[in-house]
Amino acid sequence: MSRVLMTGNAAAAWGARLAEVDYVPAFPITPQTEIIESLSAWTDSGEMTGRRVTLDSEHSMLTAAGAAAATGIRVFSATSSQGLLYAMEMLYTVSGWRAPFVLVNVSRGLSAPITLEPDHNDVLAARDSVFPADPLCYLPGGARQRSARLPPWRGSVGAPAGAGQHGRFLSILHP
Amino acid sequence: MYRIRFHGRGGQGMKTASRILGTAFFRQGYEVQDAPRYGAERRGAPIFAFVRAARTPIYERGIIRHPDLVIVADDTLVPVPAAGVLAGADAHTVILINTHETANTWRHRLNLEGPVLILSAAEEVADRATLPYVGAACAGAAAALIGEIPRADLEAALHDELGHLGQAVVDENLRVACEAYDYCAGQAGIVTASEALSAEQWAEPEWIDLPFEQSGVSAPTIHGGLTSELMPTGSWRTMRPEVDYERCNRCWWVCSTFCPDSAIDVDEEGYPHIDYNHCKGCLICVAQCPPHAIEALPEHGDKEGGES
Chain A
15 MSRVLMTGNA AAAWGARLAE VDYVPAFPIT PQTEIIESLS AWTDSGEMTG
65 RRVTLDSEHS MLTAAGAAAA TGIRVFSATS SQGLLYAMEM LYTVSGWRAP
115 FVLVNVSRGL SAPITLEPDH NDVLAARDSV FPADPLCYLP GGARQRSARL
165 PPWRGSVGAP AGAGQHGRFL SILHP
Chain B
117 MYRIRFHGRG GQGMKTASRI LGTAFFRQGY EVQDAPRYGA ERRGAPIFAF
167 VRAARTPIYE RGIIRHPDLV IVADDTLVPV PAAGVLAGAD AHTVILINTH
217 ETANTWRHRL NLEGPVLILS AAEEVADRAT LPYVGAACAG AAAALIGEIP
267 RADLEAALHD ELGHLGQAVV DENLRVACEA YDYCAGQAGI VTASEALSAE
317 QWAEPEWIDL PFEQSGVSAP TIHGGLTSEL MPTGSWRTMR PEVDYERCNR
367 CWWVCSTFCP DSAIDVDEEG YPHIDYNHCK GCLICVAQCP PHAIEALPEH
417 GDKEGGES
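Note that the protein sequences, when read in sequence, are chains A and B. For the first sequence, the working numbering begins at 15 and goes up steadily by one. For the second sequence, the working numbering begins at 117 and goes up steadily by one.
Everything labelled a hint here was simulated from the structure, so no lab data went into it. Beta carbons: idealized from backbone N, C-alpha and C, even for Gly. Hints are supplied without guarantee of correctness; some may be wrong.
Unchecked claim - Quick list of simulated restraints, FRET-style, between CB atoms:
| id | chain 1 | residue 1 | chain 2 | residue 2 | range |
| --- | --- | --- | --- | --- | --- |
| 1 | A | LEU69 | B | ASN365 | 25 to 35 Å |
| 2 | A | ASP58 | B | ASN227 | 50 to 60 Å |
| 3 | A | SER125 | B | LEU326 | 20 to 30 Å |
To be verified - Which chain A residues face chain B? A few, computed with CB under 10 Å, are given here:
| id | residue |
| --- | --- |
| 4 | VAL18 |
| 5 | LEU19 |
| 6 | THR21 |
| 7 | PRO132 |
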């Protein structure tokens, strides 16, 4: 086994790639952007066969993710901060569909004022939505996030899973 | 644990420098963190990036408050309080400044207790933010001063981080990084690791009770107004707009209206005057001026224009 140095965002993207996800609905927001950028590059180059679609909002993104997951395919998406809040209504809705998919939230503080600093208030706002299924998903090292990405599909979880990573200091960190 | 902070301006490659150094440490078997401190960075604005490296897992998070090594790619940042170049520096901290001045000048000017070293500034160039390969020079110098990173690992790390940009970019960065490495090799090991922080060192903060006051008394800046005037954003500028008053047709409004920073005033005769303390050099006025009466000149180049 070899050790590889990578950012938390890269690790999350690799997790999705290695899981051979079928569908990635996306909407850009800092600091998770690199995850979707990586997946876009891989789908464009054919290294990933899944379909990546940009939606008009995080609300639509999460709706699409839930609907796609309900068909039985593997779905992955990512967001941060206000994006998670924009998706909040569907966050609590799709969790009831018992359709498993993975949503990565790269934590970032909330407005107002607009901030790019890291804190966990975005994921705390989603506390009871089933998504932050396991607080241990706040892993000490991004490299270990790959394994964290996989279980929700592999097991019979039967509910969406969120996996958090601390924005800024992990997402852009070589952990 | 080693704690290294790189200070520069947006565009000078401080994030890249931190990644190269981080990867070089990693190749030596270290546990590594490296990250830029993001905010509203843009070209010319102060930015810093940091690296932690240790032989054991690193549990510290967040920005480095007590650095073992501070590298300053752009000496105009030192007097900018928001850049925080000297934050947490003490007698243990090695400070390396990319400058034309001497180490003694900086030591006395800043009243520094710790070692001050100089990275001979790259030749003056027209556009300060493109100071050629200063990021690679900073990474190379840091690797040498730490004394734990063989030159081969620096080179391999640089390949890892810049390889996607093509061989020509790698070669030029390698040349500069290795020059800086060799230049600093005589001081190898001057940067020493300091203890990892532990929870046992935690001490209750010395809280100071503040009496409740009206906001105008307790926090006058909240309603102070015009505080952005105190921010000398003119230092971010790499290109400077200059008005050719012979050509200006005194339209009264175009440049001053388009200026996103309200840095252009129009006098009673209709001539614009640029506030260079706050003009960031975005050059929107240059693009908008109907008679092309505003010219863009390199901030640090020949005032008369010359080559640009």
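Checklist entry - Which hints, by number, does the structure contradict? => result 1
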